[in-house]
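Novice: Now for the letters of each chain:
There are 2 protein chains.
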Amino acid sequence: MKGDPGVKDVKPAKAPKSEQTRTLILETALRLFQERGFDKTTMRAIAQEAGVSVGNAYYYFASKEHLVQGFYDRIGAEHAAAVREVLDKETDLETRLAGVLTCWLDIAAPYHEFAAQFFKNAADPESPLSPFSVESEPAREASIAIHREVLAGSKAKIPAELVDILPELMWLSQMGLVLYWVFDRSPERERSRRLAVRGARLTTRGVALARFRVLRPLVHEVHELFTDFLPGMAETATARKRA
Amino acid sequence: MKGDPGVKDVKPAKAPKSEQTRTLILETALRLFQERGFDKTTMRAIAQEAGVSVGNAYYYFASKEHLVQGFYDRIGAEHAAAVREVLDKETDLETRLAGVLTCWLDIAAPYHEFAAQFFKNAADPESPLSPFSVESEPAREASIAIHREVLAGSKAKIPAELVDILPELMWLSQMGLVLYWVFDRSPERERSRRLAVRGARLTTRGVALARFRVLRPLVHEVHELFTDFLPGMAETATARKRA
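Same order as they appear, the protein sequences are chains A and B.
Taking numbering that gives the first Met the number 0, the leading residue of the first sequence gets 0, the next gets one more, and so forth.
Taking numbering that gives the first Met the number 0, the leading residue of the second sequence gets 0, the next gets one more, and so forth.
Isolated chain A, as found in the complex (with noise of 0.2 Å):
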């Protein structure tokens, strides 16, 4: 599934009532994670607080894990939604990212809570929940595609050859905001939001010296480094490498 930007992973259309069955089984289980906490929060309980039954639960998401996929893929389209505004007028390689991870930080807000308490799910790399996993791909892959497209609409020249490495470095380094975010105590995560704009900033410089021939293998060997590392990159590289 290579990412063009404007190819989204498309579902057969569901029936509206459907669909609000399946929000609202999501919405309930995220109310229940945050205050219960995801480890004690049953299949059981989200189906019974959204009125629905445990079949039914089952049929939308076949465990918590789906609805913590679930909730990854909500963000991440509410992401791609938020982001036209900065990507569709501005050409600026700093303001575009950091207007992109500025607006994740925005989308992300009331989630702050729950994504704490979840945290020490989803650091393990080898949890399904990961955003290093295989079963998160899906999610990485438009969230990857954005950062390609900050690229593509920018003024910087990017060399051919780390056309396709940069933006999962720049991915890379949005985890690394991500991580931060999660511990944030600051109000308004002010500091988080000080810290994209800083980030951006180096990201463009470290782009900006991609021109200097010499320092290409160490970006190569960075990038490999977290293919080779981290279980579900090294397969979305396998996978890149057959299409």
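Please note that a few of the clues may not be correct.
When chains are identical, the list treats them as one kind, so a pair holds in a single copy or across two.
As the list claims (entries may be wrong) - Derived DSSO-like pairs: lysine-lysine, alpha-carbon spacing no greater than 30 Å straight-line:
id, residue 1, residue 2
1, Lys39, Lys119
2, Lys63, Lys119
3, Lys63, Lys39
4, Lys154, Lys88
5, Lys154, Lys16
By construction, these hints were calculated from the structure, which means they are not laboratory data.
These numbers come from a predicted model, not from an experiment.
Take the given structure of chain A and dock chain B to it, following the hints.
Specialist: Frame of chain A; chain B shown alone:
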């Protein structure tokens, strides 16, 4: 406390008996943390299991957090002793760094289970148990001093303006390795071992590239970003400027 690797934070000499009691309390605590979890283990339970009075336990460790700092100090001291073999013998930067990192994995191996269980407490940069906290400064400084020696005793030419910065960045990348190791379930943590070796190679190439003047502002900016956004590191930097 500008780090001269030769100068240790010297505490008043203790009678051997008192040192034994301190070690007994620390080892009992580590065992209980592992068996019952950090959050559920009380100082009272630790004292009871160690066969000392609660007052005595508090005399040595003012809180559970101090016990963890004691654990960090112990790992650090064992590591500092173990790296002598490689640092006194090798002059190749990559070999020195790979040796220091691999050595840490050896020292930490018995605590792997504890580390995984303990992670959620230490991952929060605001926690006194985080490696980035003000409270962890002595352990952090000792560890950075090892990286300073890795560089200083190598044949690599280090630009003067990067001499203070590179050891801190190398230590940060070690923290990346530690994070990876915490979740590593491969037999004998062999994936972490391979990451240590690959990371050492990557760092060595990065250091070699630092001879290019055009890159130095980027190195400074990466370092400033970490200093500005990780709580304890900013205080360390301030203390250094005052010194």
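Novice: Confirm or reject each hint.
Specialist: Results for each hint:
For a Cα distance limit of 30 Å, the shortest separation of Lys39 from Lys119 qualifies both inside one copy, at 14 Å, and across copies, at 17 Å. With identical chains, the CA atoms of Lys63 and Lys119 are at most 30 Å apart both within one copy (15 Å) and between copies (21 Å). For a Cα distance limit of 30 Å, the shortest separation of Lys63 from Lys39 qualifies both inside one copy, at 11 Å, and across copies, at 26 Å. When the C-alpha separation of Lys154 and Lys88 is checked against a cutoff of 30 Å, the pair qualifies only within one copy, where the shortest distance is 12 Å, while the shortest distance between copies is 51 Å.
Taking identical chains as interchangeable, the C-alpha atoms of Lys154 and Lys16 are never at most 30 Å apart, the minima being 44 Å within one chain and 70 Å between chains.
Hint compliance for this structure: hint 5 is the single one not met.
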